[in-house]
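Colleague: Listed here are the chains, written in short residue letters.
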Amino acid sequence: MDDLQDLYQQLILDHNKSPRNQGKLVDSNRQAQGYNPLCGDKLQVYLHVEDDIVKDISFEGSGCAISTASASLMTQSVKGKTVAQARAMFDSFHQMLTEDSASESDESALGKLVVFSGVCKYPARVKCATLAWHTINAALGDASEQVTTE
Amino acid sequence: MNPVSSASSLDPHRLKQDFPVLQQESHGRPLVYLDNANTSQKPQCVIDAVSNFYAHNNANIHRGVYDLSMRATQAHENARGTIAKFIGASRPEEIIFVRGTTEAINLVAQTFVRSRVGAGDEILVTAMEHHSNIVPWQILCEQTGAVLQVAPINDAGEVILDAYREKLSEKTKFVAMTHVSNALGTVNPIAQMIALAHEKNIPVLIDGAQAAPHLPINVSELGCDFYAVSSHKMFGPTGVGALYGRFDLLDSMPPYQGGGDMIRSVTFEHTTYNDVPYKFEAGTPHIAGAIGFAAAAQYIVDIGYDKLLAYEEMLLDYATQALTAIPEIRIIGTAAEKVSVLSFVVDGVHPHDVGTILDQKGIAIRTGHHCAQPIMDRYDIPATVRASFALYNTKEDVDALAESLKSVMEVFR
Ligand SMILES: Cc1ncc(COP(=O)(O)O)c(C=O)c1O
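Protein sequences appear in the order of chains A and B.
The numbering of the first sequence is the working numbering, which starts it at 1 and goes up by one.
The numbering of the second sequence is the working numbering, which starts it at 151 and goes up by one.
The hints are simulated quantities; they were obtained by calculation from the structure and are not laboratory data.
Backbone N, C-alpha and C define an ideal beta-carbon position, used for all residues, glycine too.
Warning: the hint list may mix true and false statements.
Stated by the list, open to error - Lysine to any residue pairs mimicking SDA-like chemistry, simulated, CA-CA at most 20 angstroms apart:
id : chain 1 : residue 1 : chain 2 : residue 2
1  : A       : Lys121    : B       : Arg179
2  : A       : Lys17     : B       : Glu478
3  : A       : Lys121    : B       : Glu175
4  : B       : Lys556    : A       : Lys121
5  : B       : Lys556    : A       : Lys42
6  : A       : Lys42     : B       : Val495
7  : A       : Lys121    : B       : Val495
8  : A       : Lys17     : B       : Thr474
9  : B       : Lys556    : A       : Leu4
10 : A       : Lys121    : B       : Asp509
11 : B       : Lys235    : B       : Thr474
12 : A       : Lys17     : B       : Pro405
13 : B       : Lys556    : B       : Thr474
14 : A       : Lys42     : B       : Pro524
15 : A       : Lys42     : B       : Gln523
16 : A       : Lys17     : B       : Lys235
17 : A       : Lys17     : B       : Ser159
18 : B       : Lys556    : A       : Gln10
19 : A       : Lys42     : B       : Ile531
20 : A       : Lys17     : B       : Val426
Said to hold, decoys possible - Which stretches of chain A does chain B cover? Using the computed rule of at least three CB atoms under 8 angstroms from a CB of chain B, they are:
id : region
21 : 3 to 16
22 : 34 to 46
23 : 72 to 80
Unchecked claim - Pair by pair, the computed Cβ-Cβ distance ranges are:
id : chain 1 : residue 1 : chain 2 : residue 2 : range
24 : A       : Arg20     : B       : Gly268    : 50 to 58 angstroms
25 : A       : Asp6      : B       : Ser265    : 55 to 63 angstroms
26 : B       : Ser370    : A       : Lys121    : 51 to 59 angstroms
27 : B       : Asn351    : A       : Gly141    : 54 to 62 angstroms
28 : B       : Leu399    : A       : Gly23     : 50 to 58 angstroms
Next up, chain A with everything else stripped away, as it sits in the complex (with noise of 0.2 angstroms):
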């Protein structure tokens, strides 16, 4: 039960419950959409950047608690963020699940997106966790086209 507390802690049970910032942004100019093929799951994120700046974010889909807490998360996290900011938070995410251990400024510069460092542990949930991140980063490269987790 401990191990699973690592992983389904209180805040991703709660954005999951109820996520933050879905649904269709009007005015986005920019959104990729991002598929994970081992459990169907889809995601849409839209972006507003103006001058460079995230000036808002949404995101459409649904999926595990995981995926949906992620995506939910990342919204609050990148909104009012430079392009480059959005994009090594990208960076450090994808390092904190990959990796053995994440460095302390990495941590720092994640904020609340460290209550995922448990997911590192369940090797099979890695791309849940950063499916969200995978679109956003095809989204702020302007790519239009479909990502995969694969």
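Mind docking chain B with the ligand on chain A? Use the hints.
Modeller: Here is chain B with the ligand on its own, set in the frame of chain A:
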């Protein structure tokens, strides 16, 4: 229920002892393996059959004049005979060894059916097919201009027979359907469905991948033209399976792949093909696999399908009741005729999360679309959790599942 089984009923606790992989712990608890529809575990006798072949009889087949090669050839052909008997073929030559059900279906699509369909012709499948009984037909349709038709299912997950009958038209040149649905557990009334197709002279292939571990198969009684099985779903090795084809049909078919063993003589000007079934078995086959496959078939026969059917029916009822008692659970696939496969969704919890939590409790279970995305679309769900039981699963396994599902509800309270 008396836990001590009499001689006339199957004893799953004893059978479980035959499977070395099941004697382990997972996350500190005894492993409860409930992913049998994905692949089954292997009894010691199958493992021994494979390793004995490599330890004592290994040589290539059909090629050597020496004793070892002849022994290997004999063992391989004996395996063919065992499988022929196992599924009720009238002669061993009607069995083609393939990699599995997927290859069997592709073989029939690209030989028998391809030589018989043209633009505007129709191939009929059902709405509950595995991707491996959909995609080979879509490829064929692209190649030939034929059209794929789909017989719909009702909410319980049963083919709507009237609609199926209506889909059998003048244009229908082939029917390919599953005996048992891997995602829903439904057993189709294939004898009746084959007869309906045959009334219109339409040949039929049955995908038997999920049937063999649960139900006796008799292709002669069914009257089907082709029947495909995978060894690994019925306690045998991976990488091998069988295609049954009616002899006269096989004899009329062009070859599938070219290579060694499938030829009688080769010159650069002209090649003559070997006889059925070798014509369809190009290259060195999975010899040890075929031998293990036969050992698996024999293992089931020795247990007896009558006992197996009675036991699994009881287990399915028990599991269905246990899951129905949890209000958040909705079972997907409630056909009147089912094998021991239970697909379900948990209200408010994604199947993937259910799978992770069950794994922490030592329960191996499949979550996802089960290679049957059209079924998920039919029920408008992204995925299900699927518990699929085999002859070594016990009521205790079901209890562990039900108990662990309650802790899923706790995490997601
Ligand atoms: C109904 C059905 N058909 C076909 C297959 C494909 O079998 P294989 O992967 O052994 O070729 C499966 C396997 O999941 C199945 O369940």
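Colleague: Given the hint that Lys235 (chain B) pairs with Thr474 (chain B), does the C-alpha gap stay at or below 20 angstroms?
Modeller: Violated. Lys235 (chain B) to Thr474 (chain B) sits at ~39 angstroms, over the 20 angstroms cutoff.
Colleague: Taking the beta carbons of Ser370 (chain B) and Lys121 (chain A), is their distance inside 51 to 59 angstroms?
Modeller: About 53 angstroms separates the Cβ atoms of Ser370 (chain B) and Lys121 (chain A), which means 51 to 59 angstroms holds.
Colleague: Keeping to a limit of 20 angstroms between CA atoms, is the pair of Lys556 (chain B) and Gln10 (chain A) held or broken?
Modeller: holds, 18 angstroms
Colleague: Verify this for me: three or more residues of the region 34 to 46 of chain A with a beta carbon less than 8 angstroms from a beta carbon of chain B.
Modeller: Coverage by chain B holds for the region 34 to 46 of chain A (4 residues, Cβ < 8 angstroms).
Colleague: Quick one, are Lys42 (chain A) and Pro524 (chain B) close enough, alpha carbons at most 20 angstroms?
Modeller: Holds: Lys42 (chain A) and Pro524 (chain B) sit about 16 angstroms apart, inside 20 angstroms.
Colleague: Starting from Lys42 (chain A), check that the Cα of Ile531 (chain B) is at most 20 angstroms away, please.
Modeller: holds, 12 angstroms
Colleague: Does the alpha-carbon distance linking Lys17 (chain A) and Glu478 (chain B) stay inside the 20 angstroms limit?
Modeller: Given that 20 angstroms is the threshold and the Cα spacing comes to 16 angstroms, the pair holds.
Colleague: Take the C-alpha atoms of Lys121 (chain A) and Val495 (chain B), compute the straight-line distance between them, and say whether it is at most 20 angstroms.
Modeller: Measuring from Cα to Cα gives roughly 25 angstroms; hence the hint is violated.
Colleague: Is the straight-line distance between the alpha-carbon of Lys17 (chain A) and that of Lys235 (chain B) 20 angstroms or less?
Modeller: Violated, because 55 angstroms separates the two Cα atoms, which is more than 20 angstroms.
Colleague: Given the hint that Lys556 (chain B) pairs with Lys121 (chain A), test it: the Cα-Cα distance must not exceed 20 angstroms.
Modeller: violated, 23 angstroms
Colleague: For a C-alpha distance cap of 20 angstroms, please report whether Lys17 (chain A) and Pro405 (chain B) respect it.
Modeller: violated, 56 angstroms
Colleague: Can you take a look at whether the region 3 to 16 of chain A is actually covered by chain B? Rule is 3+ residues, C-beta closer than 8 angstroms.
Modeller: holds (count 5)
The structure fails to meet hints 4, 5, 7, 8, 11, 12, 16, 17, 20, 23 from the earlier list, while all remaining hints are met.
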